[in-house]
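Given chain A, put chain B in place with the hints provided.
What follows is the residue order along each chain.
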Amino acid sequence: MIYFDNSATTQPDPEVLRTFTAASQAFFANPSSLHGLGIEADRLLGRAAQQVAELAGMPDGTVVFTSGGTEANNQALFGFARANAGHGRRILISSVEHPSVLNTAEQLEAEGFEVLTVGTDGNGRLDLSDLERKLSQKTIVVSIMHVNNETGAIQPLEEAGRLIRRKAPRAVFHSDTVQSYGKLAIPGGPDGPDAISVSAHKFHGLKGSGALILKRNAQIRPYLFGGGQQGGLRSGTVPVAHAAALAKAMRLAEEARGELQFGEWRDELIRFFGGWDKVRVLGGPESAPHILSVAIRGIRGEVAVNALQEKEIYVSTSSACSSRSRSESHVLRAMRIDEDFRHGVIRLSFGRQNSREEILRFKEVFAEFMDTIERV
Amino acid sequence: MTYNEILIRYGELSLKGKNRNVFIRKLRDNIRRVMKDLETVKVKSEHDRMFLFADSPEEMEEAMRRLPEVFGIQSFSPAVRCDAEIEEIKQTAAEILGRMETEGKTFKVEARRADKTFPLKTNDIQQELGGHLLPLYPELIVKMKKPDIKLLVDIREDGAYLSTETIQGAGGLPAGSNGHALLMLSGGIDSPVAGYMMMKRGVKLDVIHFHSPPFTSEQSKQKVIELAERLSGFGGRIRMHTIHFTEIQQAIQDTMPAALTMTTTRRLMMKITDMVREEIGAKAIVTGESLGQVASQTLDSLSAINEVTSTPVLRPLIAYDKLDIISIAEKIDTYETSIRPFEDCCTIFTPSHPATKPKTSKVIYYEGNADFGPMIDKAVAEREIIEFPIQKEADPFADLL
Numbered sequence: 018m019i020y021f022d023n024s025a026t027t028q029p030d031p032e033v034l035r036t037f038t039a040a041s042q043a044f045f046a047n048p049s050s051l052h053g054l055g056i057e058a059d060r061l062l063g064r065a066a067q068q069v070a071e072l073a074g075m076p077d078g079t080v081v082f083t084s085g086g087t088e089a090n091n092q093a094l095f096g097f098a099r100a101n102a103g104h105g106r107r108i109l110i111s112s113v114e115h116p117s118v119l120n121t122a123e124q125l126e127a128e129g130f131e132v133l134t135v136g137t138d139g140n141g142r143l144d145l146s147d148l149e150r151k152l153s154q155k156t157i158v159v160s161i162m163h164v165n166n167e168t169g170a171i172q173p174l175e176e177a178g179r180l181i182r183r184k185a186p187r188a189v190f191h192s193d194t195v196q197s198y199g200k201l202a203i204p205g206g207p208d209g210p211d212a213i214s215v216s217a218h219k220f221h222g223l224k225g226s227g228a229l230i231l232k233r234n235a236q237i238r239p240y241l242f243g244g245g246q247q248g249g250l251r252s253g254t255v256p257v258a259h260a261a262a263l264a265k266a267m268r269l270a271e272e273a274r275g276e277l278q279f280g281e282w283r284d285e286l287i288r289f290f291g292g293w294d295k296v297r298v299l300g301g302p303e304s305a306p307h308i309l310s311v312a313i314r315g316i317r318g319e320v321a322v323n324a325l326q327e328k329e330i331y332v333s334t335s336s337a338c339s340s341r342s343r344s345e346s347h348v349l350r351a352m353r354i355d356e357d358f359r360h361g362v363i364r365l366s367f368g369r370q371n372s373r374e375e376i377l378r379f380k381e382v383f384a385e386f387m388d389t390i391e392r393v
Numbered sequence: 006m007t008y009n010e011i012l013i014r015y016g017e018l019s020l021k022g023k024n025r026n027v028f029i030r031k032l033r034d035n036i037r038r039v040m041k042d043l044e045t046v047k048v049k050s051e052h053d054r055m056f057l058f059a060d061s062p063e064e065m066e067e068a069m070r071r072l073p074e075v076f077g078i079q080s081f082s083p084a085v086r087c088d089a090e091i092e093e094i095k096q097t098a099a100e101i102l103g104r105m106e107t108e109g110k111t112f113k114v115e116a117r118r119a120d121k122t123f124p125l126k127t128n129d130i131q132q133e134l135g136g137h138l139l140p141l142y143p144e145l146i147v148k149m150k151k152p153d154i155k156l157l158v159d160i161r162e163d164g165a166y167l168s169t170e171t172i173q174g175a176g177g178l179p180a181g182s183n184g185h186a187l188l189m190l191s192g193g194i195d196s197p198v199a200g201y202m203m204m205k206r207g208v209k210l211d212v213i214h215f216h217s218p219p220f221t222s223e224q225s226k227q228k229v230i231e232l233a234e235r236l237s238g239f240g241g242r243i244r245m246h247t248i249h250f251t252e253i254q255q256a257i258q259d260t261m262p263a264a265l266t267m268t269t270t271r272r273l274m275m276k277i278t279d280m281v282r283e284e285i286g287a288k289a290i291v292t293g294e295s296l297g298q299v300a301s302q303t304l305d306s307l308s309a310i311n312e313v314t315s316t317p318v319l320r321p322l323i324a325y326d327k328l329d330i331i332s333i334a335e336k337i338d339t340y341e342t343s344i345r346p347f348e349d350c351c352t353i354f355t356p357s358h359p360a361t362k363p364k365t366s367k368v369i370y371y372e373g374n375a376d377f378g379p380m381i382d383k384a385v386a387e388r389e390i391i392e393f394p395i396q397k398e399a400d401p402f403a404d405l406l
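Protein chains in written order, with our numbering: chain A, 18 to 393; chain B, 6 to 406.
Just chain A, same shape as in the assembly (with noise of 0.2 Å):
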């Protein structure tokens, strides 16, 4: 099996699952008991969020442990919205967010905040003048993808933050990084996200966890409600087992990070769909290293993505998450691609348990695939 769909899950990694069983079985209190058992669990569950925090770069940041990368957006959104709402009433988005943050975005418009979006370029880069113009004193909240899960373009969040910082210095900037997290370097510092969203799934973590980590000075509220637990910020009962791998998994990652070969993989790859006129490669020469999405003309994107997995192959089309729903990505239409490339779109992404000869096998499989399609 060679798996290629790296940006919709990746496969846990045995050591991780090792955190979460040993911490499930020996740290099962509840950390917020009073007695010896919870103060245990509740020390771990400590030195999970310090270890959480460091890793994203917010040595004195705070973090709240979630469900998932859905609900840190959401989290993100109405908190730091409804928080600062004093302020003013903009939020700006870009427009290839994830749905996690668009439809939160359209949320908080009904509730009467002022939402815009931000578009793109040819290579689904941030349009940072359209960023400038919309930025305003009044503006609350920008939230601004790193990597895009469709198509792997980086966002400059540097030249962002730096935007961000002048034209609304009340603005609390947040960041998805869930695609980003452990294959690029986040941007730190001044000009870098003052909150960032991961989720461990997509880091050979487990599904069903992630976090909002966000900087001290940064004003949130909650959105779930409860028991006042995690300070208040994130009612439920707080799964210490989930938290000690999630923070294993992002340690593992980070360590991992630079031995990882996907750029090479992917320009190599770049220079092989080059063959074909009927293949575009989308996204710029600026992408994230792991995602590489092609366009390819007149079919689509699932009639390869099913041959593919006859050889045992795995890849997507877009993404995972809109793949099985009909209407077009969000995306590629903000991408302006050309309509007859729009339907033939599958994307290949990859993980920690891919290697060079894998990629040699794929080569081999889609020359296969497209000597047949090129006949009919």
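No lab work stands behind these hints, which were simulated from the structure alone.
Wrong hints could be hidden among the right ones.
Claimed, not checked - Derived, one-sided and incomplete: chain B residues facing chain A with beta-carbon distance under 10 Å: (1) Pro346; (2) Phe354; (3) Asp400.
What the hints assert, rightly or not - Here are the simulated EDC-like cross-link-like pairs (lysine to aspartate or glutamate), alpha carbons at most 16 Å apart as the crow flies: (4) B:Lys226 with A:Glu327; (5) B:Lys113 with B:Glu170; (6) B:Lys336 with A:Asp77; (7) A:Lys295 with A:Asp357; (8) A:Lys380 with A:Glu327; (9) A:Lys184 with A:Glu149.
Claimed, not checked - Covered stretches of chain A, as calculated for chain B (at least 3 residues, CB under 8 Å): (10) 31-43; (11) 51-62; (12) 254-265.
None of these values were measured; they are calculated from a predicted model.
Where a beta carbon is used, it is the ideal one built from N, C-alpha and C, also for glycine.
Chain B in isolation, oriented as in the chain A frame:
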């Protein structure tokens, strides 16, 4: 470009006449202890400043993170070393400015020439450098008094050291350079702050804690242990004396009218503290009391409590507002620990209406009904002693995380 050296300034130390050398040595030893695990770090002291060197850039960065917590340092400046050769110096200076915000900033070059064999004189160095840098950064405005950016160039035998940044130190006096006192540490917000403030004045601390099992939990003791550990992070070993207070507290409940139990509890705590202080040879008692904060901290109460000893009782927070105390607690990272909700022995037996103006004579009269002496001696003799910082045991979570 990485920093090769940090110049450390003493500040207040400079004022102290005779003891100066003792203070400097203490500060140097404290810095060395804080940096002990950083193998390439070296510290050298001179009459009016100290230098810290590190071969490894990572250790240099770590050293810069740790220095702001060391008492007795007024400020410090990281410096870059280059060859003591004018062209090299020019180039390095240009690079340093390139990393800084220069738009609309005022600027000045200040040179020192310890190595008199260097061919240019101080003034010439300044002029050469200014002449090189200003055309490169025309937005800089030269200003002799209080410039935004002061480029210091220090020419020594082993090279030229350039620095621009001055980072505030913690101030105060080197830990352990100013006597020994015993801090009453309850686990609340105030007492760790009081301890911190005395440590900042160079006082070496022991701490004493009163524990009343089973009315107070193991967690409330754990909390105090964490606070003592945190305080020990500000330099110097700290010993914690834990007094088992249950028996005495029950005797107080049996003997005293309800309104006076609190006053007597404090008096006996003070007495026990004074005996421990005597034993360890400390010169003063430190408390976190702040005037009027609770019933035991009115002037009448304080004087009734203080009556048991003639030892100086230092109350650094006496005139502080609660919010100011909280902001220091947050700064020194004790606040989150202090507010964990566990009963301590002061809250557990609190009467509903403690006297805010206890009469000392009345208190002494009722205390005469019980013989607290032997109980106190026993409590002092059977106290537990722990040393901080605690030698780190194997981390139980290392494998999981």
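Hint check results:
| no. | hint | result |
| --- | --- | --- |
| 1 | Pro346 | 9 Å, holds |
| 2 | Phe354 | 20 Å, violated |
| 3 | Asp400 | 8 Å, holds |
| 4 | B:Lys226 with A:Glu327 | 64 Å, violated |
| 5 | B:Lys113 with B:Glu170 | 13 Å, holds |
| 6 | B:Lys336 with A:Asp77 | 12 Å, holds |
| 7 | A:Lys295 with A:Asp357 | 10 Å, holds |
| 8 | A:Lys380 with A:Glu327 | 15 Å, holds |
| 9 | A:Lys184 with A:Glu149 | 8 Å, holds |
| 10 | 31-43 | holds (count 3) |
| 11 | 51-62 | holds (count 5) |
| 12 | 254-265 | holds (count 3) |
When held up to the earlier numbered hints, the structure conflicts with 2, 4 and fits the remainder.
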